[in-house]
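Chemist: Sequence:
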Amino acid sequence: MPAESIANDAPLEAWIGRTEVATDVIAATPYAALAATLGRDTARPAIGTPLPPLWHWLYFLPLAPAQDIGADGHARRGGFLPPVALPRRMWAGGRFEFRSPLYIGDAVTRTSTIEGVSAKQGRSGALVFVTVRHDIRRDADGALALTEHHDIVYRDAPAPGAVPAAGEPSPPEATWHQRVVPDPVLLFRYSALTFNGHRIHYDRDYVTGVEGYPGLVVHGPLLATLLVDLLCTHIPAASLARFEFRALRPIFDLAPFGICGKPAAATRDVRLWIRDADGILAMDATATLRAPA
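Residue numbering for the sequence shown follows our numbering, starting at 15 and increasing by one per position.
Just so you know, the hints here were simulated from the structure itself, not pulled from any lab data.
One or more hints might be untrue.
To be verified - Derived CB-CB ranges, DEER-like:
(1) Gly139 with Ala251: 18 to 28 angstroms
(2) Asp292 with Arg113: 37 to 47 angstroms
(3) Thr281 with Pro97: 10 to 20 angstroms
(4) Ala157 with Gly226: 17 to 27 angstroms
(5) Ala60 with Gly156: 20 to 30 angstroms
(6) Gly139 with Gly293: 18 to 28 angstroms
(7) Pro76 with Thr43: 14 to 24 angstroms
(8) Gly93 with Ser114: 26 to 36 angstroms
It should be emphasised that the depicted structure is a prediction, and the values quoted were computed from it without experimental measurement.
No residue lacks a Cβ here, since even glycine has one placed at the ideal position from N, Cα and C.
The task is simple: from the sequences and hints, build the whole structure.
Modeler: Here is the structure:
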């Protein structure tokens with residue numbers, strides 16, 4: 015559905031079915047830069063090196079011109095995504111099917127489709143959920159490498175004096191655990207790598223004074239990437255078939271948090287989660303490993 019076919023005053027549901035196509039090349043430098051950000055080997059990978067799961071977020075970057083950026087640092091609303099008026103925009107979750115590998119040097123095409131738009135009333139006020147499907151194919155052979163469903167939630171600003179919900183306690187036992195210190199440099203580097211201008215990740219005056227959060231917000235995709243990185247560290251030969259995650263509450267740069275994992279005993283599933291400094295579950299995820307060939 016072409017962009018000019020929808021007026022900004024149309025119902026939000028009119029955006030369902032809207033598509034957008036982007037092309038890119040899986041280049042070596044973003045790979046090396048994220049590896050450096052995560053404390054890994056900084057050597058630029060050779061052509062043909064497999065791209066780790068979720069590192070596709072380093073590509074197909076949103077390149078909105080400066081004059082088209084809104085007050086929150088995102089592109090102004092009403093382009094590909096519907097013009098939801100609610101002030102807070104967050105990454106609510108995602109689901110992934112890994113079909114075939116992507117490699118350094120691949121020319122790739124991503125087709126994005128808005129699959130759902132729904133309004134709800136939550137405990138904290140109005141919510142709008144938008145689901146976008148991304149299909150990424152290698153240009154050389156047309157093979158579908160990855161299907162991603164990206165869930166975005168828009169919400170009202172909290173009422174003055176509102177107390178956040180208590181949250182769900184994190185699982186008590188983890189097979190794997192790593193402590194992460196979310197300093198502003200980590201957040202800045204990930205924002206730069208993904209060309210993410212959302213000010214909640216780097217502008218403390220904005221995030222505390224305008225959006226009402228207590229500190230800088232750690233990116234949902236960065237948290238998900240850390241979970242998969244934990245899995246790949248402990249099972250280096252792992253080949254992911256599927257991955258899904260839900261963001262349950264924000265993580266801020268005010269205190270260390272834990273990334274945790276626990277393989278299931280009788281299946282190829284691995285539960286992965288983020289535990290905040292108070293022991294509350296902030297992100298819950300499941301990775302399904304591909305059966306050995």
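Chemist: Output the indices of the hints that this structure fails to meet, ascending.
Modeler: 1, 3 and 4
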